[in-house]
Amino acid sequence: MYQTCAFCNAHLDGDGGPSGLGVGRRIAFDEWRGRLWVICRACGRWNLSPLDDRLERIQAVARAAQEGRVLAATGQVALVRWRDYDFVRIGRPPRVELAGWRYGERLRARERERASVVVPLTIAAVGLGVAVNVAAGGSFGFFVWNFARMADGVYVALVGNRRVTLSEPPVCAACGSVMQLRARHLKDGRLVTETHADLALVVRCPSCGAEGALLTGSDAAQALRRGLTYLNAKRSARRHAELAAREVDQMGGPERLVREVSRREVTLRSLRPERRVALEMAVDELAEITELERQWQEAEEIAAIADGTLSTTPELEEHLRRLKAQAKGDQPNG
20 MYQTCAFCNA HLDGDGGPSG LGVGRRIAFD EWRGRLWVIC RACGRWNLSP LDDRLERIQA
80 VARAAQEGRV LAATGQVALV RWRDYDFVRI GRPPRVELAG WRYGERLRAR ERERASVVVP
140 LTIAAVGLGV AVNVAAGGSF GFFVWNFARM ADGVYVALVG NRRVTLSEPP VCAACGSVMQ
200 LRARHLKDGR LVTETHADLA LVVRCPSCGA EGALLTGSDA AQALRRGLTY LNAKRSARRH
260 AELAAREVDQ MGGPERLVRE VSRREVTLRS LRPERRVALE MAVDELAEIT ELERQWQEAE
320 EIAAIADGTL STTPELEEHL RRLKAQAKGD QPNG
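Here the sequence shown is numbered in this note's numbering, starting from 20 and rising by one per residue.
Everything labelled a hint here was simulated from the structure, so no lab data went into it. Warning: the hint list may mix true and false statements.
[As the list claims (entries may be wrong)] Label-pair ranges, simulated between beta-carbon atoms:
no.: 1; residue 1: 317; residue 2: 207; range: 31 to 39 Å
no.: 2; residue 1: 269; residue 2: 184; range: 16 to 24 Å
no.: 3; residue 1: 317; residue 2: 34; range: 20 to 28 Å
no.: 4; residue 1: 271; residue 2: 21; range: 34 to 42 Å
no.: 5; residue 1: 82; residue 2: 61; range: 24 to 32 Å
no.: 6; residue 1: 286; residue 2: 172; range: 15 to 23 Å
no.: 7; residue 1: 317; residue 2: 284; range: 49 to 57 Å
No experiment lies behind these values; they were computed from the predicted model shown. Using N, Cα and C, we set each Cβ at its ideal position, and we do this for glycine too.
Generate the whole structure from the sequences, applying the supplied hints.
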């Protein structure tokens, strides 16, 4: 297996795990068609593995994937976590489970970002407290504790001020102004059921306060993720992560949770804290698995051409026939 990405020339990290390829930490496989890819973490492109011994390597990855935990899935693609590896399984997926560890990774990244804001401000407070608070006879510890809370509020305000990037800024139906949305403006947004869209979000106009626009599709997903990140920015969100992961699982997966919230048509900030965290988990997982499915379709087109060109010997054709025979009954729909 090559050591660098065929598309961006970045080094392919990881050791390939059970695939035996020697590289890769995120590996995609299709048992039915006999495909095996290493996904580049730098550019996200899928690198097709050589045909040599591909059958045995796919079987090894498939066995490991059966022991892993399914994080999210569509009708054709499942994202599976096994130890330190991510597997993208092409074909009919097993039951969907959404794990709390994955949101935990996002929370840890959020905590690092928070620390970059809170820690410098708190350190500055120590010097100020020594010079002012202690001299005035106050409690130094109480002063620093209160300042730390203030610094945490500064971080939440920064998150709330982040711009929501859309394909085109919506125009308010009530006042006619162009709606320049920021994360804090989404707290009163409402997920609703829309016949022609998987995701639909009603948003309020920052200028007049009326419900001025309906976002759908990728715009709705982008706005929803920004708004939920802001609402879940407080430190207390970590306490709700385990309950939230269980709630997604009990609902039957991220898609069903989104449908349930859309059916109720309540504002995002009126949701229970654990439900808000669960919704953020669900939206993030759906966005990732949708992108993986798009990448797979692109990679499959390339693989079909490559394997059609290279797979000319009877031995290789027999490998593919054996693979299809073993995968019988688990072939993808469509």
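Comparing the hints with the structure gives:
1. 317 / 207: 31 to 39 Å: Hint holds: Cβ distance 38 Å, inside 31 to 39 Å.
2. 269 / 184: 16 to 24 Å: Roughly 33 Å apart at Cβ, these two residues miss the hinted range, so it is violated.
3. 317 / 34: 20 to 28 Å: Holds - the Cβ-Cβ distance for residue 317 and residue 34, about 26 Å, lies within 20 to 28 Å.
4. 271 / 21: 34 to 42 Å: 41 Å, holds
5. 82 / 61: 24 to 32 Å: 28 Å, holds
6. 286 / 172: 15 to 23 Å: 22 Å Cβ-Cβ, so the 15 to 23 Å window holds.
7. 317 / 284: 49 to 57 Å: 36 Å, violated
In this structure, the earlier hints numbered 2, 7 are contradicted, and the remaining ones agree with it.
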